[in-house]
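Engineer: For the protein sequence lines, the chains are X and B, in the order given.
As numbered in the working numbering, residues 519 to 1287 make up the first sequence, in order.
As numbered in the working numbering, residues 66 to 550 make up the second sequence, in order.
The set of hints was computed from the structure by calculation and includes no laboratory data.
Check the hints yourself; a few may be wrong.
With a straight-line Cα cutoff of 25 angstroms, these simulated DMTMM-like cross-link-like pairs (lysine to aspartate or glutamate) come out [stated by the list, open to error]:
(1) K779/X <-> D916/X
(2) K619/X <-> D83/B
(3) K626/X <-> D271/B
(4) K1111/X <-> D1202/X
(5) K572/X <-> D271/B
(6) K308/B <-> D790/X
(7) K1232/X <-> E1054/X
(8) K1119/X <-> D916/X
(9) K308/B <-> D1202/X
(10) K289/B <-> D270/B
(11) K626/X <-> E311/B
(12) K619/X <-> D539/X
(13) K445/B <-> D916/X
(14) K453/B <-> D229/B
(15) K1282/X <-> D523/B
(16) K619/X <-> D270/B
(17) K1214/X <-> E545/B
(18) K1189/X <-> D1161/X
(19) K1232/X <-> D790/X
(20) K492/B <-> E441/B
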Amino acid sequence: MKAPHHDSAITHVEGKSIYIDDIPVNELLLVGKVVYSTVSHANIISIDINEAQKVNGVHAIILAKDVPGENQMGPVIHDEPCLAENSVICIGQAIALIAAKDDETARKAAQLIRIEYKELDAILNLDQAIEKNNVLAPPRTMQRGDLDSGFDNSAHKLSGQLRTGAQEHWYLETQTCLCIPGEGKEMNVFSSTQHPSETQAIVAEVLGISKNEVVVETRRMGGAFGGKETQANHVAAWTALLANATGRPVKIRLFRDDDQKITGKRHPFIIDYTVGFTSEGELLAADITLNADAGCATDLSMAILERAMLHADSSYYVPSMKVTGKAFRTNLPSNTAFRGFGGPQGMAGMEQIIDHIARYLQLDPAVVRQRNFYGIKDRNVTHYGQTVEHNRLHTMYDQLFASSDYAKRKTAIAAFNTGNEFVKKGIAITPVKFGISFTTTFLNQAGALVNIYKDGSVLVNHGGTEMGQGLHTKIAQIAAAELGISLDAIKVNATNTSKVPNTSATAASAGTDLNGMAVKNAIDQLKERITKFAAEEFNRRNNDSVSLAENIEIKNGVVFDRNDAKQRSSDFATIIGLAYLHQVSLSTAGFYKTPDIGWDKQLGWGRPFNYYAFGMAVSEVSLDVLTGDVEHLRTEILHDVGDSINEAIDIGQVEGGYIQGLGWCTTEDIKYDVKGNLLNHSPDTYKLPGIRNIPKVFNVSLLQNAPNPRAIRKSKAVAEPPFMLALSTWLAIKDAIAATCENQQEPPLPIPATNEAIILAINKLKTTH
Amino acid sequence: MAEKIIRYIQQGKIKELDLEKEQLSPTTTVLNYLRSSPLHKGTKEGCAEGDCGACTVVLANRGDNGKLSYTAIDSCLVFLPMLHGKQLITVEDLTTSETSGAQLHPVQQSMVDCNGTQCGYCTPGFVMSLFALQKSENQPSQASIEDALTGNLCRCTGYRSILDAAKLACTPDHHPDQFELNESRTLSQLISLQNNASDLEINVDDQRYFRPVNLSEALSIKKKHPECIVFSGATDLALRVTKRHERLYDLLDIGGIDKLKTISKDNQLIRIGAGTSLEEIRNSVRKELPALCTMLDVFGSRQIRSLATLGGNIGSASPIGDTLPILFAYNASVELQSESETRIFPISEFITGYRQTAKRADELITAVIIPLPSKEDQVKAYKVSKRKDLDISTVSGGFRLRLENNVVSSITLAFGGMAAQTTCAKKAEEFLIGKIWNRENVMTAAAIINHFFSPLSDARSGAEFRRIVAGNLLIKFWNETASNA
C-alpha cells in the first residue's frame, strides 16, 4: 500500500495551513517587540523608557521589575532571567518589552529606550572559557576498563583535536507566539513550541498564576529542529507578559535577524583525544574530553553534553574508554537543543579518531571502521554498560559496501587523484548508531486523549507536536490500525495542554514511540468497551448470549464476531451510535512510559536507551583544490527505521536529516566579532544547503525486514539519527584533501569544512609537508 | 499628467490601488501588503531579504511572443507601485473551486504526490517558483529545474522530493489550467492597462515616488529632484526598507521604462540597456559573452535576477558587486545620460571608490557597452562563495588574457572582494607581461597577488583565505587556458 501523504500536505500546497502568524485576531491585537542587550557582558546602570512611553501607539513597556511572577525562564536550572535586571550576560538578552499598535511604532519606541551599561570582561569563545576554566557545572566522566593498561597494550598511540562549529536552526518560521487574555487570570497561548507543557509552565511562572489558568495550543510549527524546545518558551513568556499588562491580544514574531541573534544554536565543541590501537587498527583505549560551549546559561546543555558523551563511541567497541565532559559558560546566547542533541559532536570525535588511525597506519578508513564495529555476541557492551542489542551494523555495512560499489570506486578515485593536480576526489563510509530515549529517564512518558463521536469519527489528541516531521500522520495511521477503522475517520487535533497535560517535549526522536504508545493505550481501553458492547448488541439482536467480547474484532471499519461474521456484524459508526445510547463512555485518556530503561547518571552506567537506531552512508565528493569548492557527487544511504509506519515520511526524514547534517558539516558557518556580535545573522551570510548542494546521485533506502521489538508497531524512531549520516561527507572531503599530500598526513579539518577551512587545511598540509 | 493610481490584475480583475487615499507608504512591499489581508496569508515571510524564497509570487506580463510570460519574484523585495501594469498571482490563486471540491493545480498536486512538503512554511514559495517554471518550460532539464529553484530554501526535505515534484509537474500532458484558459482575456486586460499607462507619481506624507514610462521624463525628474534614489528592480534598495527599516523619501523607479531594457548587438559591441534584467541578459548574450553569463548563472537566484539589473549592480559600486570584475575584464563602458548630455566612462574610471562612482546627481546610468573580445582574447570569470548559488562572492575574479607564441601580451586580473572597490592586481599583471604563460611564472604571479591585497576579514571569510584564493584563481585561470597545463 502506498504510504499516506502528510496530513497537512494539501493545505500546505494551497497556502492554507495556519501558522501562528496567520491566525485571525480581532482589531485589539498589538505587536510585541523585544529590546535586547547590545553588549556581551555588563552591569546595567540605568534604563530610561520615558521618551519611548510617549510614542503615540505604545501600549506598554515592561522591565524586569514589572514581571508579576518569577523573573525566570530557565527550563532546568533557573539561571535565565526572563528580563535582565542588573546585568546582562550576552548580546541578545532581553531587557525590555514593548507592546504597540504596529511594528513601526514598536521599533520607534525601541530606539528611544536608553540603556546605560558598564561593560565587564566577556568570554566570547570556547578557547577563552577553557583557558579561564569557566565551567558551567562540575565535569562528568564515563569510564569502562583501565586506561593505563589499555594504552600500555597498544602498539600505537595518537593524540589530536577536533573542533565542531555552532549551527543555526533556521526553521523557516521564526519564533512566534500569540497570547490572548481570557477571563480573570486566564491566558490563552498559541505558540510555535515543541514543548507546550513547559511553555505553559514558564508562562504561568512569569505571570505568577497557576498552570490551570494557562492553555497552550500548537497546531504546527514551520520547522523547529530542537530550536523550539526551550527557546519558544522565551518568546511565549514575553508575549504573555505584554498581553497580561495590556489586557489585549499580543503577538511577537521575531524578525529573522533578531531570531538568529537572540536564540541559541548547536553547541560548538572542542574534542581532545588520545587513542591506543593495534597495528591492525583495532581500538584498545581511548581517552576523550568533550568541551562544550554552553553559552551564557544552562538551558539543556548538561543533557546535551551527556548525549555527546554517550555517543563518543560512535559505533565502535573500545575496551578501555574514558569520556570526560565539560560544559563551559561563555557570554554568547545560551546554546540549545538541535537535532542530534550532542550526538553529532560526540560521534564526529570518534570518526575523526578512526580516520586519524587509518591514515597513520595507511589503511582504508572503511576497513578500520568495520574492524571496530560493536560485535553481535561479544565486544557488544558500550562504555556506559548498555549492551548493543539487535546490532545491524554488520548487515548494513555489507549491504551498502556492495550496493555502493565502494571498493571499485575507491580504486577509481585513487587513479583519478594521481592524474589530477587541481581536482581531488574523496570517499567515505560512516555508520550511525543512535540511542533512542530521553536520557533523563522520567521524561520517557506520554499521554493521549481519544474521543469517539456519535458518528463514528475519531479525534485523537496527544502530547506530541507537529513540526513537519509527520508525527500527526503517523499517529493517525497508528490509531486507524489499532482501532481497525479507515484513516479517513481519524483526525489528529492541534496539541493542547488542556487536552493532554504534563507532556514531554517532542524531542529525542521519540515523538512517535511515546505518543503512539499512549494513543494505543487509549484505544486499547476504548476497544475493550466497544467489543464488550458489540457482543451485548449482537446477543440482543439474536436474542441469545453467543457473542463474547473476546471474539469481537474491528477491521476495515466493521465490528464483527469472528465466529459468525456474516450474521453478527455491523459497521463501526452504527455500533458507536448505539453504544452512546447505551451509555458507554467513548472517550478516554491513554498513558505510556518506556519500560526497562534506567541508569545511574552519577556512575555513568546502565541502560539509558530503549534501543538503538542504525544507519550507514557512503559519500563521494569532488574538491576544487584551488577554491575549496566541493561538489557532492554521490551519496548512498541505508537507514534502519524498523518496520516503517510510513515509508514516504521516513525517507523524507532521512533525506532531510542528512542534508541538514551536510549543512553543519560544510557551509553553515557562524562567526562573531571581537565584541561578541554575531556576524552571520541573516541568510545573506549564513548559508544552509540549497537545491544545488544536494548530491548529484542521492540514493536513500530503508533497511528491510528489520522489525524493532521495542517500539510501536515494530517501528523505529527516525528524526535525529540520519543527521549524522552527513559525517560521511565531511570525511569524504577530508579524504580528498588528504589526496593533496598523497594521504601521508591527517588533514586538520574542522566542522564545518567550509571552502575557507578546506583551503586553510590544504595550505597547512603544504607548509608542513 | 502623471497619475497616482496603481493598476494591476489580481484574480482576473483589474485592481486599483490608491496609496494616497489608503495612506500606505509607496515602499510597502507586496509581501506586507498581501499579508495585511486575511485572505492572503499563504505568502510567507522567511527572511525579508530575498534569500529564502518563502514569499515567492508570480508576475505575468505580455512577453515578446505576444503570449503571457510568467516570472517568479520575491515579494518581500517589491514595492507596490512596481506591480503597475502587471498580473499578480499568489498561491491562493492556483487552486480552482469545482463542483467536486477544490482542484489543486498540477504543481500543487505534484508536491503532494511526491511528498515535497514537510513543515509547509517554504511550500507556497516553492509552489510559485514551480508554477512559473511550469508555465515557461515544457519538460525542463534537471539543470533548468534546479536553476528555477535555487532561490527557495527548504530546511526539512533535503530537496530530492521537490525535484521529483518539479519533474512530475512539468510533464506536458496536463489539461490547460485556468491561466491558459483565461490567457486572451488577461492579455487584453494587460494591453488595456499598458496602453493607458502613464507616469505614476505618488505622494504619501513625506514620501514621493516617481515611476515614469519615458527616459526623457525620468531625466527631467532627476534634474528637478537630484536627491532622488534611482532604482529599477529594487533587489538591493528594498533591503534598506525591509532590513534597516529606513524611510526612503524621494524615489525614482525607472523599472517602467522599456527603452532601458533593450539589448543591441553589432560586430563590434553589445549595448545592454541599464534596466535589462540580469536574467534577460543571461538568456541573450551567452554566445558572445560567455564569461559574463558564467557569472550571472550563479548571481543571486532566478527571482533576484528577474528583477535585478546590470545598471543597478554597477551603480551600487559595491566592493563585491558580482558583475564588476568581469566587466573590467571585458573593458566595458558605462553610458550616463542627463538632460544635457551623454557621457561614457570606461568601467574602471566609472567606479571611483568604495560605493562611489563618477555619476553626477542629474545623471542616470542608461547602458553598459561591452566591446566583443577578439578571438585571441581569453576571458573568464570566477566566483568564490560559501554556497554556489544565492550567495554573494567572497572573492571574484574577471580575467582576460592574450598570448602571442605563449607569451603574455596583455592581461587583466580584476578582483572583487579584495579591496574597497573592484581592483586589478596591477603588480601581477605587470610581472606577467612579456613572460611565458607557464607554471613557474603563474605561481610567482599568484604569490604576488597574495601579497598585493590586504583584504578584510568579515562574515564571509577571513583575510587569509581571501589572499590565498585570489592567487589560486590565477592558477585556475592558467590551468584552464594553458595549452600544456
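Engineer: Taking the hints in turn, state whether each one holds.
Structural biologist: Against the structure, the hints come out as follows:
Straight-line distance between C-alpha atoms of K779/X and D916/X comes to about 45 angstroms, which puts the hinted pair past the 25 angstroms bound. The straight-line distance between the Cα atoms of K619/X and D83/B is roughly 23 angstroms, inside the 25 angstroms bound, and the hint therefore holds. About 17 angstroms separates the Cα atoms of K626/X and D271/B, which keeps this hinted pair within 25 angstroms; it holds. A threshold of 25 angstroms between alpha carbons decides the hint, and for K1111/X with D1202/X the separation of about 45 angstroms lies outside it, so the pair is violated.
Distance check on the hinted pair: K572/X and D271/B sit about 22 angstroms apart at the alpha-carbon level, within 25 angstroms; holds. The hinted pair formed by K308/B and D790/X fails the criterion: a straight-line CA distance of about 41 angstroms is larger than 25 angstroms. Pair hint K1232/X plus E1054/X does not hold up; C-alpha atoms about 33 angstroms apart against a cutoff of 25 angstroms. With a C-alpha separation of about 35 angstroms, the suggested pairing of K1119/X with D916/X is violated against the 25 angstroms cut-off.
A threshold of 25 angstroms between alpha carbons decides the hint, and for K308/B with D1202/X the separation of about 11 angstroms falls inside it, so the pair holds. Annotation: proposed proximity of K289/B to D270/B holds, straight-line Cα distance about 20 angstroms (limit 25 angstroms). For the given pair, K626/X sits about 11 angstroms from E311/B by alpha-carbon distance, which is consistent with the 25 angstroms threshold. With a C-alpha separation of about 16 angstroms, the suggested pair K619/X and D539/X falls inside the 25 angstroms cut-off, and the hint holds.
Between K445/B and D916/X the alpha-carbon distance is near 46 angstroms, which puts this suggested pair outside the 25 angstroms criterion. Between the alpha carbons of K453/B and D229/B the distance comes to roughly 22 angstroms, so the proposed pair stays at or under 25 angstroms and holds. Annotation: proposed proximity of K1282/X to D523/B holds, straight-line Cα distance about 21 angstroms (limit 25 angstroms). Between K619/X and D270/B the alpha-carbon distance is near 19 angstroms, which keeps this suggested pair within the 25 angstroms criterion.
Annotation: proposed proximity of K1214/X to E545/B holds, straight-line Cα distance about 24 angstroms (limit 25 angstroms). Distance restraint check for K1189/X and D1161/X: the Cα-Cα separation of roughly 42 angstroms exceeds the 25 angstroms cut-off, and the hinted pair is therefore not satisfied. Taking the CA atoms of K1232/X and D790/X, the gap is near 39 angstroms; set against the 25 angstroms cutoff, the hint is violated. At roughly 23 angstroms between alpha-carbon atoms, K492/B and E441/B fall within 25 angstroms of each other, so this suggested pair holds.
Violation of the numbered hints given earlier is confined to hints 1, 4, 6, 7, 8, 13, 18 and 19; the remaining hints are satisfied by the structure.
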